[in-house]
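Q: Based on these hints, arrange chain B on the given structure of chain A.
From first to last, the protein sequence lines are chains A and B. Using my numbering, read the first sequence as starting at 30 and increasing by one per residue. Using my numbering, read the second sequence as starting at 141 and increasing by one per residue.
Since the hints were derived computationally from the structure, they do not count as laboratory data. Hints should not be assumed to be uniformly reliable.
Examples of chain A residues lying across from chain B (beta carbon under 10 angstroms, computed) [as the list claims (entries may be wrong)]:
| # | residue |
| --- | --- |
| 1 | Gly52 |
| 2 | Trp62 |
| 3 | Lys68 |
| 4 | Asp77 |
| 5 | Tyr88 |
| 6 | Ala95 |
| 7 | Glu124 |
| 8 | Asp126 |
| 9 | Ser143 |
| 10 | Val147 |
Chain B is nowhere near these chain A residues, computed Cβ spacing over 10 angstroms in every case [unchecked claim]:
| # | residue |
| --- | --- |
| 11 | Glu53 |
| 12 | Ser93 |
| 13 | Glu137 |
Built from N, CA and C at the ideal position, the CB exists for glycine as well.
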Amino acid sequence: MIYEASQRTPLVELTPTSCLIRGECYPENISEWSEPVLKTLEECLSNDNSEFKVDIELYYFNSSSAKFLFDFFEFLEESAEGGKAITINWRYRAEDDTMQEAGEDFEEDVSACSYNMVQVESLAE
Amino acid sequence: MTIKSKMLLIILLGIGGLFMANFYSSAQLNSAHKDYSSEESLTAHASAWFSNMDTQFVSNLLTFDPLDGSERNASFWDPDADAFGDSDDANPLFAAISAKDAETAASLFEQVFSDPIMEEQITFAIAYDKRGLQLYCESSLYLVGVDPCAETAQPDYFLKFGSFVNSLENGSVRRVTKINDLSGEQPVSINDTLAFPLQTGDERVIGMVVVGRNVIDSLEQFAENFEIESAIAIGDQALTVHDYYEEERPTELNKLIRAGQSHARETGSFTYSFIAAGQNTRVSSIPFSKEVRASDLRILIFDDQSELLAVLKKSETTAYVIFVALALAILALVFVVTTSSFNRILDAIHLLERMGDGDLSAEAVKHSGLLSSKNDEVSRLQSAIEDYRNHRLEAEEHRKERAIRRDERDTIMFEKMALLAEQLEGQAKHMLTQEISAMRDSVSSGSDEEKERASIEVMSQAFSRMSDEVSTLIDARTHELVAAKDEINSSIRYAAKLQNALLPKTMPGDFDINVEWRPRDLVGGDIYFIKDFPDRVYIAVVDCTGHGVPGAFLSIIARSHLDKAIDAGNYQSAGGYLSSVNELLKETLSRSDQKNTSEEGFDGGVCIYYRKEHRLEFAGAKSSIFNVDGLEATETSGDRKSVGSTRMATDFTFTTHEIEAPKGAFVMLTDGITDVMSPEEKPIAFGRRRVLKILTQSSDKTPSSIVKNIMSSVNLYRGDAPFRDDLTLLAFSLIDDDNEFHAAEAVGEDS
Chain A
30 MIYEASQRTP LVELTPTSCL IRGECYPENI SEWSEPVLKT LEECLSNDNS EFKVDIELYY
90 FNSSSAKFLF DFFEFLEESA EGGKAITINW RYRAEDDTMQ EAGEDFEEDV SACSYNMVQV
150 ESLAE
Chain B
141 MTIKSKMLLI ILLGIGGLFM ANFYSSAQLN SAHKDYSSEE SLTAHASAWF SNMDTQFVSN
201 LLTFDPLDGS ERNASFWDPD ADAFGDSDDA NPLFAAISAK DAETAASLFE QVFSDPIMEE
261 QITFAIAYDK RGLQLYCESS LYLVGVDPCA ETAQPDYFLK FGSFVNSLEN GSVRRVTKIN
321 DLSGEQPVSI NDTLAFPLQT GDERVIGMVV VGRNVIDSLE QFAENFEIES AIAIGDQALT
381 VHDYYEEERP TELNKLIRAG QSHARETGSF TYSFIAAGQN TRVSSIPFSK EVRASDLRIL
441 IFDDQSELLA VLKKSETTAY VIFVALALAI LALVFVVTTS SFNRILDAIH LLERMGDGDL
501 SAEAVKHSGL LSSKNDEVSR LQSAIEDYRN HRLEAEEHRK ERAIRRDERD TIMFEKMALL
561 AEQLEGQAKH MLTQEISAMR DSVSSGSDEE KERASIEVMS QAFSRMSDEV STLIDARTHE
621 LVAAKDEINS SIRYAAKLQN ALLPKTMPGD FDINVEWRPR DLVGGDIYFI KDFPDRVYIA
681 VVDCTGHGVP GAFLSIIARS HLDKAIDAGN YQSAGGYLSS VNELLKETLS RSDQKNTSEE
741 GFDGGVCIYY RKEHRLEFAG AKSSIFNVDG LEATETSGDR KSVGSTRMAT DFTFTTHEIE
801 APKGAFVMLT DGITDVMSPE EKPIAFGRRR VLKILTQSSD KTPSSIVKNI MSSVNLYRGD
861 APFRDDLTLL AFSLIDDDNE FHAAEAVGED S
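Isolated chain A (complex conformation):
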């Protein structure tokens, strides 16, 4: 399932074994956009695959989107506590301290999932 990126929302690619979120996130109405995404995530997690990999590369999100991300990680945590091996890669550009810090903030809330801060080379992209 692919949710295409828009000016205010990121690209979301969901498969039974992976999830990719990339872009900016500041929709006018966060729940309108996030509800179908979370629902699909639930479907993707409710299978017998033992592993699930999450890549998140955001450039900006507003405070209401932060709420969405909390819910998102909470979901993953519950699933990981249920026995699924979930890996989360928080990808940020070296010069983007805002996103680096945001990633570090979320890391504090995550325990059951394996959480990696991954620095990416922005010039190469």
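A: Showing chain B alone in chain A's frame:
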């Protein structure tokens, strides 16, 4: 005249012409055939007759010839030998003739001729001396015609005896000799004769002999062999076998003879062959012998052709009958075919004419029969017409359907127009109603085409009318909308005025404060708060969730709680103060509906400056305070929790950061500054590091120049990209002699 009559007439004329041509060519062929068969018949009869005569001549007469005759007979005419007495004397006949002893001569001739005459080898023999005196004459007992030895008999050479004798000087002569009866009682006798001279050893002619044979026998035999009737013609006269036997000539024969003679007179030709039409008999005329002219003596041959002619006639008749029968059959067949075809064509024409009159009900009559097939022209014409009729029927169906749809369309259109008319008032309504009834009239009369045309016309008319009315209505609505928008805008402008009024207007005297407050829209969720008490000063920079009008509402609530949470009578730590605000806010926003997980609240930082203690305390909810003192810029981060959020425990205690003897400038800001994004496709936020860098690098570290520097840097950074959020930037420094001194010192050191 119809095409059918023309065709029949042409066929009739054609058959007639063919018949004439056939008749003519067959007549030509017949005549050519007759000519050919005449020729054929002449040649056949002549050669048969001549060969018969020649055979008879050679075997019966030529044997007596002195040169070519038989040895025994020839010896009789040898002057030097005695064939009669078989003595060694000279020929006694010659002696007797020389001696004019007729009696002796006669007896000697008799020795030669009596037996052949008796045996009918020859008919007669006559001997003469050179002067013409008859020495001997003997004739057969079975005579027809005049007896050559009779007193009254006169051979034809007799009148020109001299020349006859002379003709013999060169040897024997074959001739046809006619012997007439001077008394006229007996018919002329016609004989094939051999005349030869009697010559002495010195070639002197002393006498002559004529031997003859009557040809009537031969003629009879010839007639019998060829199954014909015959006659001998001598000039204009004719002789038949009947004449010799003294019989009555048959009338038929007489007629034929007359026909033959008259043909000779008419044509001037004496050798001919033709069919006597009246008698059904072929009449042929050939010369009697090679030695005579046909005009003098000829044989008439009458060959009965009635059987052949009958067969010919019959076959001709049969041919004509077949021809006529065939012609009639063809004519009849053509008549039947054309009649049936033309009847079908007429049917088709009739059908077309009916269709032309608009009657599509008639179906083509199916013709069947031997002479019509599915693939003939008329059937194809009929099937084409049938197809055409079906197409017309289909078109008619379509037309009806179209009419139904048109009526439905018209009905809908009139309904809609009526509805529109309902919405109008006064004169306009009246006019539209009148127009509708006029349109109804125009589409309900006239022919189908007229209705269709009228419907289209009415539709376009109605469309333009409706579009006029609708655009008038839309104009009116748009006008209302514009007015409503203006009203809303003016409300918001007024709200902005009110929000502005909530911002601090007076600054504490011992503070140098500079603020950039810029809601993204006219109003926003950002707000800053300064409260000056004798012993302390509260400074807060707050970013409420959301922006625009909802942000502004929340900012007013936040501001009132910031106000309410101040415990002016007692010491209050910055963290405690923020915790109280959190408690109050959560209380206010406590939701009856627990499922509502929206995140109303705020991020922000508060500073409390105690004058007496010269101490600054800071507490932050997802906020930092920056301090630049001299060359160094530091950041003090608050807790990573939002005030009022559902995730927050009501009794959460915010950390208090104490800054003893604060120096230099302090900066508080909302994420409107740090979240300014670069304009590229994968943007990077401005971030706090850039803020620190600017603070470090700025030469002028007064609050106003800090605000100016950061704002110009932010504007440069975002380029064309718009602000995404409300933005608040607040910088302050304490004004006292010491600080002033320190600041000046720092500036001095910096430069």
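Q: Of the numbered hints stated previously, which ones are contradicted by the structure, given in increasing order?
A: 2, 3, 4, 9, 10, 11, 12 and 13
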